[in-house]
Amino acid sequence: MRKKLIILSAIIVAAIISYNYIYQDHRDIESESAEFVISTAEISNQFSEDALASEQKYLNKTIEVSGTISELNTNEITIDDKVFCQFSNPILNSINVNSKIKVKGRVIGYDDLLEQIKLDQCTIIK
Amino acid sequence: MKKITFLLLVLFSLSAIGQTKYLTKTGTLSFEASVPSFEEVAAKNESVTAILNTENGEFAALAFVKAFRFKNALMEEHFNENYAESDKYPKATFKGKIVSFDFDTLSETDSYSHIDGSLTFHGVTKQFNGIPLTIKVKDNNIVITGSFKVLVSDFDIEVPKIVANKLSNEVEIDFNFELVKK
Numbered sequence: 000m001r002k003k004l005i006i007l008s009a010i011i012v013a014a015i016i017s018y019n020y021i022y023q024d025h026r027d028i029e030s031e032s033a034e035f036v037i038s039t040a041e042i043s044n045q046f047s048e049d050a051l052a053s054e055q056k057y058l059n060k061t062i063e064v065s066g067t068i069s070e071l072n073t074n075e076i077t078i079d080d081k082v083f084c085q086f087s088n089p090i091l092n093s094i095n096v097n098s099k100i101k102v103k104g105r106v107i108g109y110d111d112l113l114e115q116i117k118l119d120q121c122t123i124i125k
Numbered sequence: 000m001k002k003i004t005f006l007l008l009v010l011f012s013l014s015a016i017g018q019t020k021y022l023t024k025t026g027t028l029s030f031e032a033s034v035p036s037f038e039e040v041a042a043k044n045e046s047v048t049a050i051l052n053t054e055n056g057e058f059a060a061l062a063f064v065k066a067f068r069f070k071n072a073l074m075e076e077h078f079n080e081n082y083a084e085s086d087k088y089p090k091a092t093f094k095g096k097i098v099s100f101d102f103d104t105l106s107e108t109d110s111y112s113h114i115d116g117s118l119t120f121h122g123v124t125k126q127f128n129g130i131p132l133t134i135k136v137k138d139n140n141i142v143i144t145g146s147f148k149v150l151v152s153d154f155d156i157e158v159p160k161i162v163a164n165k166l167s168n169e170v171e172i173d174f175n176f177e178l179v180k181k
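Top line first, the protein sequences correspond to chains A and B.
Numbering that gives the first Met the number 0 applies: residue 0 is where the first sequence begins, and numbers increase by one.
Numbering that gives the first Met the number 0 applies: residue 0 is where the second sequence begins, and numbers increase by one.
Bound-form chain B, shown alone (with noise of 0.2 Å):
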């Protein structure tokens, strides 16, 4: 009888840590590097595989950079073997946790948080702390949004002084996850 309550208490844990994840495959991933005046620098990521992981606030996600699509054909063109080299790094990938995750104080109003985490993208893996989220609920689902800055110089991307005026050094980041049950 004691085997048979330890099982079944073996078991009701096991299922307990396997739906602590939430994940999106579609999640959003906007970036901006506009100039005023000039052509818009812009593209948008509806496909990025975001994890979180509800007992410690732990998330990664995973944006194929071919999959930013921008406005102008050309430009995404050069985006992807210019600047991006999309074919040698296809992967930006981000690895962080969210400070302070408490599953249960989440609710359908926005909670204000941070993470800190590691952003690596054109083989280059930068540290970044205290990036601003805000967290809900929606409909039983986790949603994350927040924005952020890089500059292009951080990760190694050399831009031609012909273009150079067009665009501009500091990047906003704009990111939106609706993570569902696991």
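The following block holds chain A by itself, in its conformation from the complex (with noise of 0.2 Å):
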């Protein structure tokens, strides 16, 4: 009797184990804190001047980008024309063009059809 019910709470724990493997959550940009802290004219230095090291240090990293709004949409902020942030909803901040900005979030990569690096998931630090 003891050792069917080990066995079954063994089975129990293993299925909650591999549950919770299978549908583990998506990474949380907002909560993590970013591994690198730069502003956009510096990391758009780097960039075009090594766009594929450069990638490989910042691609699918959280950064915090700071610089001046240059185009503002209801879900986008580009910053200085050179950093685009994707919000995952609507930008409730009133926030205006020219002002200053610091955003957060992950870096998805380096466009090099508009010159842009561009990140998701982004949250507005100030």
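Note that these hints are calculated values from the structure, not bench results.
Some hints could be false.
As the list claims (entries may be wrong) - What follows is a list of derived Cβ distance ranges for each label pair:
#, chain 1, residue 1, chain 2, residue 2, range
1, A, K101, B, N164, 47 to 53 Å
2, A, N19, B, F147, 36 to 42 Å
3, B, E80, A, L51, 55 to 61 Å
4, B, T133, A, A13, 49 to 55 Å
5, A, I16, B, K137, 18 to 24 Å
6, B, K137, A, K101, 33 to 39 Å
7, A, A13, B, H77, 17 to 23 Å
8, A, I124, B, D86, 24 to 30 Å
9, B, Y88, A, N88, 26 to 32 Å
10, B, D109, A, N19, 30 to 36 Å
Just so we're clear, the structure is a prediction, and the values are computed from it rather than from any experiment.
All C-beta atoms, glycine included, are put in the ideal place defined by N, C-alpha and C.
From these two lone chains plus the hints, build me the complex, please.
Structure below.
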């Protein structure tokens, strides 16, 4: 009887562990701390000097960039025409073009068509 | 006087050339490789850059592989690490030309056309001809939508035997670009 109970509880534990593994949560960029804190000018310089090495360095990393807003849309902010930040939800903060901003997000790559660094899952720091 | 008119003409034509590009940074690209009765294998990328030259119909698109989002986080991880190898090949690109594109014939109702071009993914470039698409004008933007099918095996992607029956070799790709005049 006790043996059966142990086997049964082992099965349940294994089931819970594998369920949690298979249905694990997505990364939460908002709660992650940034690996790099950098200005748009600096990161853009690094990418124009050596796009490949910079891509290796920043790809899929959470970073914080600061600069001046150059373009503003419902879900996106472009900073200094160099860093494009996409938000998962419409931006509610009252911000304006030409004002200073600091944004946290995940680097998804360097867009060589527009020469911009793209971030997704962004949040405004200040 | 002649010089000035000439200069003005040059300036005018330069500005005209500069105005023939339409682009988006938030185009959508989604794919599905599901097999009925197994878990859905589908992802969506909502940050695709696409540029259309309205003078000649040349079209280019760039999607970051890391930006494909799956419902299941583990599936997303496996897609990036084992199949698309997005650290090694972070970009998927398409370069092509819309067949007999004429900007002046576009209207608010759908017009049907085709695009020929090459798709690069996972380090492999494959030519596609006659991908059907619909084009229309909406609020002064050009909206291009369509779908086509690719084969996993065409892009040098190895699918382990254990998941082979849960993953279709034929992948349906849908695209939707709302291009804004630049």
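Each hint, compared with the structure:
For the pair K101(A) and N164(B), the beta carbons lie near 48 Å from each other, so the given range of 47 to 53 Å is met. Remark: the range hint 36 to 42 Å for N19(A) to F147(B) is upheld by a beta-carbon distance near 37 Å. In this structure, E80(B) and L51(A) break the distance hint of 55 to 61 Å, their C-beta atoms being roughly 20 Å apart. As the Cβ distance of T133(B) to A13(A) is approximately 50 Å, the hint placing it in 49 to 55 Å holds.
For I16(A) paired with K137(B), a C-beta distance near 50 Å fails the hint of 18 to 24 Å. For the pair K137(B) and K101(A), the supplied restraint of 33 to 39 Å holds, since their beta-carbon distance comes to about 35 Å. With their beta carbons about 21 Å apart, A13(A) and H77(B) fall inside the hinted range of 17 to 23 Å. Checked against the given bound of 24 to 30 Å, the beta carbons of I124(A) and D86(B), roughly 27 Å apart, stay inside it.
Distance hint for Y88(B) and N88(A): a CB-CB separation of about 30 Å, consistent with the stated range 26 to 32 Å. For D109(B) and N19(A), the hinted distance range of 30 to 36 Å is not satisfied, since their beta carbons lie about 46 Å from each other.
The structure fails hints 3, 5, 10 (numbered hints given earlier, in ascending order).
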